[in-house]
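S.K.: The hints should help you fit chain B onto chain A, whose structure is shown.
If you read the sequences in order, they're chains A and B. Sequential numbering from 1 applies to the first sequence in this note's numbering. Sequential numbering from 1 applies to the second sequence in this note's numbering.
There's no promise every hint is true.
As the list claims (entries may be wrong) - Result set (DMTMM-like, lysine to aspartate or glutamate): computed pairs, CA atoms no more than 25 Å apart in a straight line:
1) B:Lys31 - B:Glu162
2) B:Lys52 - A:Glu70
3) B:Lys73 - B:Asp104
4) B:Lys166 - A:Asp93
5) B:Lys73 - A:Glu70
6) B:Lys74 - A:Asp93
7) B:Lys119 - A:Glu70
8) B:Lys52 - B:Glu162
9) B:Lys119 - B:Glu26
10) A:Lys44 - B:Asp64
11) B:Lys31 - B:Glu43
12) B:Lys31 - A:Glu70
13) B:Lys166 - A:Asp4
14) B:Lys24 - A:Asp86
15) B:Lys52 - A:Asp86
16) B:Lys119 - B:Glu147
Stated by the list, open to error - To spell it out: a stretch of chain A is covered by chain B in this simulated footprint if at least three of its residues, at any positions, have a beta carbon under 8 Å from a beta carbon of chain B; those stretches are:
17) 40-48
18) 63-74
Derived by calculation from the structure, the hints in this document are not laboratory data. Even for Gly, the Cβ is constructed at its ideal location relative to N, Cα and C.
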Amino acid sequence: MLYDLRQSDVRVRWLVTLLLATLGTSYLFGAWMVGLYAGYSPRKVAETYGPAGEMPMTMQMPPETTLVTERPISMAEMGEEQHHVDLDLLVQDTHVHMPMYAVIAACLSVIVLGLSIPRWAGLSIIALLFAAPWLDFAGMWLTKLASPGFAIVALAGGWAMALGYVIVAAIATYQMWWRKT
Amino acid sequence: MNRLLLGAAAAALLHITPTVVLMKREDAVAKLLPGADQFVSRELHLSSADSKRIHDAVGWEPPDGVVTFYLGKKQDQVTGVLVFMRVDCQHGPIELAIGYDPHDTVRAVEVTKATVEMKPWIVEALRAGLTNEYRGLAVAEPPSGAEKVKPHVGSMPGYMAELIDKGVMHANAAYRLFYH
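Only chain B is shown next, with the shape it has when bound in the complex:
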């Protein structure tokens, strides 16, 4: 009986909480592709060789082998690129929007979705200035936002910052290897 109760408690604890929107995708698009009045979706179905390339580079490959870049344009000139990236952990998924400027550097990063459980941890990491650390980051540079905010936040917000670093690293690798 005790084992049964323990199992039920473990199952309840492991249950992933519902997803919450931290920033609407439309708002993220407006913020990360400012001034753009035309948008293009560029979808890449990666070959096995390209999946292996990105896996070798960052230890990750896109789910189902698909990477989508959203290009923002003004008067037919590309003004920026946006990637939505999901990072999974045992607490559920986090969705990031990573914007790039035409100089191949990170324009900004926004967290668009998380779970109810993770939201306060993410908000604490964001208040500590996590996303400021990504601005202007070259796509070949490893993101180090977590390292900067960890001394100022609790352990779970620090962990969330590490996950967000990881998502930015995956998006940067996809951009670096496949965008041009």
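Just chain A, with the same shape it has in the complex:
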């Protein structure tokens, strides 16, 4: 243990608690946003990140000849935006989100360094904290470039992010404020 959160100054514990509360709130809104724009089922995620249009599960390569599909839609459907992340937007999303995820994983990892847990557990949690965003974005890119089936990897990444946060927040809060020795 590089430092001990249990024995740390109350100001450090207060800082960590507020950081966890703030990150937790942002994660809740993140989950809400995912629900709004991408969804939680592999199919929804594949539709969001896979090739555009109505044939996401079957079309990966450009067709030999241009394919045209027509269907009647309502005014409401026209207004509803089918959120789809194309290649350009995915580049932008990756550029914007990956550094932030790295900073969040680093902050949570610094908290892990102060927890009274076995070394292997610390290493595993830190690995989980950094693996989760990698899985998330690897899933999005593989869904885009390889197969919509990889949507499950993006979902796993998202859940892994939530799991990592819950583990750190629960152990840290318990050790900081309840188990002082």
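M.R.: Chain B only, in chain A's frame:
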């Protein structure tokens, strides 16, 4: 340490601000397809050859190779066509709605989305009459809205006008090459 701070400042400056809706899509549809009471979505999955055609024409091809035209109809007659077009820049994306009348000319253009940062620049360009310049434009003509408003607006609104010109040009090329 200085390098680290500089990096953090650069990262903060490069961060793209959130998207804002300038006009709801429903409102854009009502404005650009007036009188229509039936709508049809026509989705084209472009072949490599067609993607190359549009790329050769305007230096752009649709993301993921898909172009969607929304047709407005009244009593089974097409009254207009609408295309939503996204233009990306380092400040984030802009979404345009470009409406066409049955004579293959631009009926009107609306900016439906931008980012918080770009909104005031776009609003200034729109107040200078940018979208008036597109009305009646033939799909083969290059849009020149930016050229008209640039003397009356600041440099960033002028840049936004250039991006909007570019979006209209892309939509016009898609319409010209693939609609009929």
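S.K.: Each of the hints needs a verdict: does it hold here or not?
M.R.: Consistency of the hints with the structure:
1. The hinted pair formed by Lys31 (chain B) and Glu162 (chain B) meets the criterion: a straight-line CA distance of about 23 Å does not exceed 25 Å.
2. A hinted pair counts as satisfied when its Cα atoms are at most 25 Å apart, and Lys52 (chain B) with Glu70 (chain A) qualifies at roughly 23 Å.
3. Annotation: proposed proximity of Lys73 (chain B) to Asp104 (chain B) holds, straight-line Cα distance about 15 Å (limit 25 Å).
4. For the hint linking Lys166 (chain B) to Asp93 (chain A), the alpha-carbon distance of about 23 Å falls within 25 Å, and the restraint holds.
5. The straight-line distance between the Cα atoms of Lys73 (chain B) and Glu70 (chain A) is roughly 13 Å, inside the 25 Å bound, and the hint therefore holds.
6. Distance check on the hinted pair: Lys74 (chain B) and Asp93 (chain A) sit about 40 Å apart at the alpha-carbon level, beyond 25 Å; violated.
7. With a C-alpha separation of about 34 Å, the suggested pair Lys119 (chain B) and Glu70 (chain A) falls outside the 25 Å cut-off, and the hint is violated.
8. Annotation: proposed proximity of Lys52 (chain B) to Glu162 (chain B) holds, straight-line Cα distance about 24 Å (limit 25 Å).
9. Distance hint between Lys119 (chain B) and Glu26 (chain B) is fulfilled; the C-alpha atoms sit about 20 Å from each other, no more than 25 Å.
10. A distance of roughly 17 Å separates the Cα atoms of Lys44 (chain A) and Asp64 (chain B); the hinted pair therefore holds under the 25 Å criterion.
11. A threshold of 25 Å between alpha carbons decides the hint, and for Lys31 (chain B) with Glu43 (chain B) the separation of about 22 Å falls inside it, so the pair holds.
12. Taken as a hint, the Lys31 (chain B) and Glu70 (chain A) pair is honoured in the structure, with Cα atoms around 22 Å apart against an allowance of 25 Å.
13. The straight-line distance between the Cα atoms of Lys166 (chain B) and Asp4 (chain A) is roughly 58 Å, outside the 25 Å bound, and the hint therefore fails.
14. At roughly 21 Å between alpha-carbon atoms, Lys24 (chain B) and Asp86 (chain A) fall within 25 Å of each other, so this suggested pair holds.
15. The suggested pairing of Lys52 (chain B) with Asp86 (chain A) holds, with an alpha-carbon distance near 18 Å, which does not exceed 25 Å.
16. Taken as a hint, the Lys119 (chain B) and Glu147 (chain B) pair is honoured in the structure, with Cα atoms around 20 Å apart against an allowance of 25 Å.
17. With 0 residues carrying a beta carbon less than 8 Å from a beta carbon of chain B, the segment 40-48 of chain A misses the three-residue requirement, and the given coverage is violated.
18. Counting residues of the segment 63-74 of chain A whose beta carbon lies closer than 8 Å to any beta carbon of chain B gives 12, which reaches the threshold of three, so the coverage claim holds.
Of the numbered hints given earlier, the model fails hints 6, 7, 13 and 17; all others are met.
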